[in-house]
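Visitor: In case you want the letters, here they are:
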Amino acid sequence: MLRRAETRFLLLGLPGVAFTVLFLLMPIVSVLIFSFWRTESYEIYADWNLDNYRAVLTNPTYLTFLGRSAYTALIVTLLCLLYAWPVAYFVAKYGGRYRLLLVLGLAAPFFTGAVLRLAALQAIMGPIGFINMVVTWFGLEPIGFIMYTKFATGIGLAYLYLPFMVTAIYLSLLNFNFQLLNVAKVNGARPWRAFWAVTWPLNWIGTVIGVVLVFIPCMAESLTPRFLGGPDGALFGTVLGQQFGETGTWAQGSAMGVLLFVVCFAVIVGMALTINPRRAGFTGAGR
Amino acid sequence: MSDVAIGIHDVTKRFGRTVAVKNATLEISQGEFFSLLGPSGSGKTTLLRIIAGLEAPDGGRVTIAGKDVTDLPPYARGVGMVFQDFLLFPHMTVAENIQFPLRMQHANRATRDERLAWIVKLLRIDGLEGRFPHQLSGGQQQRVALARGLISRPALLLLDEPLANLDRELRKEMEVEVRRYQRELGIPFVYVTHNQEEALTMSDRIAVMRAGGFEQVAPKLDVYIAPATAFVASFVGHANRLRGNLRDGMLDWKGHRLALPKIEGATDGDAIDYFIKCEHLTIAPAGTSVGANLNRVDGTIRDIIFKGQVADHLVVLGDGTEIVVSEAASLPRVKAGDAVSITWAPDAGRSFRALDT
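Top to bottom, those sequences are chains A and B. Using this note's numbering, the first residue of the first sequence is number 16, and each one after it goes up by one. Using this note's numbering, the first residue of the second sequence is number 720, and each one after it goes up by one.
Some hints could be false.
[Said to hold, decoys possible] Result set (SDA-like, lysine to any residue): computed pairs, CA atoms no more than 20 Å apart in a straight line:
| id | chain 1 | residue 1 | chain 2 | residue 2 |
| --- | --- | --- | --- | --- |
| 1 | B | K1054 | B | R1072 |
| 2 | A | K108 | B | K981 |
| 3 | A | K108 | B | S748 |
| 4 | B | K939 | B | S748 |
| 5 | A | K108 | B | E774 |
| 6 | B | K981 | B | G1027 |
Keep in mind that the hints were calculated from the coordinates and are not lab data.
Just chain A, same shape as in the assembly (with noise of 0.2 Å):
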């Protein structure tokens, strides 16, 4: 027999269990399961193999596609992780009454679709655009080498995830206490060496949040490639995308995302590795 309170928070609970199951656990599960099936012509057969493993593991072009999307997603997050720091590091400290406008303005990108975006980015670092504008109305030559390279993906996607990292950061510095920057100056330590030793490690949980947030959506990525980076911009999510719609081979591509969830995971865990909650401050006395 329940007691009436258990029966409530079973009650209270269902919902919300019924729909993680239904709708985040059932389509990983699916995906795993698709990735030992077989798809041939658009169908797809339920005889289980590892042939898309073998694929995947040993052709070499998915394997370069995965290190291109990888050394992407590790520059924009370097890239953010620099732009970041200074930009929320002020908004928490300078910010006074204005802090939070300041911090909702980072998302003033959201409020349009990243499609529009992306076209935005287009019409600024296109051919025609407002850049190249600029450089011919000095008499210069146009540059061609920023729309449709890499470059670009890399820019698309750092204005894309850069709210993540300073929203990360921004919210690690509210809990920090900046008093200790006082004690660590009075004790004879330079400003640099201030921050090194005290704000850094007592705002890494708050880094290694952000630096998640913007290094895992990146190795998935398909718009920004597709939209900024040319005929030869493909990324692993590019090609990824792909065995779902062109050549519908469904199998091949839930043995891909197996592999990238996999890679992901494996990050997640090695930036979890590097945080020692002993020395993380969250249990300090006084923050």
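Knowing the structure of chain A, use the given hints to seat chain B on it.
Guide: Below, chain B alone, put in the same frame as chain A:
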């Protein structure tokens, strides 16, 4: 070399329109325990932060050991500082926290370990080196903060209300301890507090601050016994304020004629504030004969508040005015409701021309 360890010359600091520190001039000697005492907003913490280099003064100079440090950043001043909320680095062990100043000075490992061993012994925190701050009690955290402030053997130690967050028992104990460290190290301590008991217990000299300026800078006994201004008289110690008018050299206070010390430049009819400390009043059952030279007022005991060694006797006079008398609690001569006489020697109190407020 002169004996002056810290010199503050005509220092002024404004925050917007408020003047936090106003033309402060002060010299603190080598080996002196000096307190800045005042209510919140009196500018004492700002002055301390100016000495540390955490605030830049708008005018004036600061010298440490004869050297002008006004334009030096905090990390180049070589001072130690202990903060109110301990402010230990939560991601470092006790040993790492304490050794932080030495690491910033690029001291080698042998020096760091040697100094660590010395300071943990001095502050009696040996055995805690491997712990993290959140694993320590408040008192232990305070000692670690002190150790961090002292390990580099700074020219002086600045303390910003370091005991404010400790409970009463621990505070009493630490007051004595802090005083002991100062004596052993022989460097000046500049101690900011709003707690007069702390200041009186530990200091050699006290500067009483109010609205950014010094009301009195004097040895602690002078501050207590001979307050220079009405503000000091009301802020330091527990005193009754009797406001009346000067008449024929006597204080006319609510119909009582009271003898009082002479006031320079005061003439008949001037408004006078006469301060008499609670412990300088004596209470006796009504009708007890008193000495002829004593001031005397009569009233009724409304309540007796027991405080341990002393008890505050709240006495209501005929017109409803309340006077507080601190007397030994072990004397059950009187009880609530009794009619009593309060007496005191006139020169035990201090009189000032009344403040405009």
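Visitor: A separate judgement is required for each hint: does it hold in the structure or not?
Guide: Against the structure, the hints:
1. B:K1054 / B:R1072: With Cα atoms ~36 Å apart, K1054 of chain B and R1072 of chain B exceed 20 Å; violated.
2. A:K108 / B:K981: violated (56 Å)
3. A:K108 / B:S748: violated (38 Å)
4. B:K939 / B:S748: Since the Cα atoms of K939 of chain B and S748 of chain B sit roughly 15 Å apart, the hinted pair holds (cutoff 20 Å).
5. A:K108 / B:E774: holds (17 Å)
6. B:K981 / B:G1027: Status violated; Cα separation ~36 Å.
Violated hints, listed in ascending order, are 1, 2, 3, 6; each of the other numbered hints is respected by the structure.
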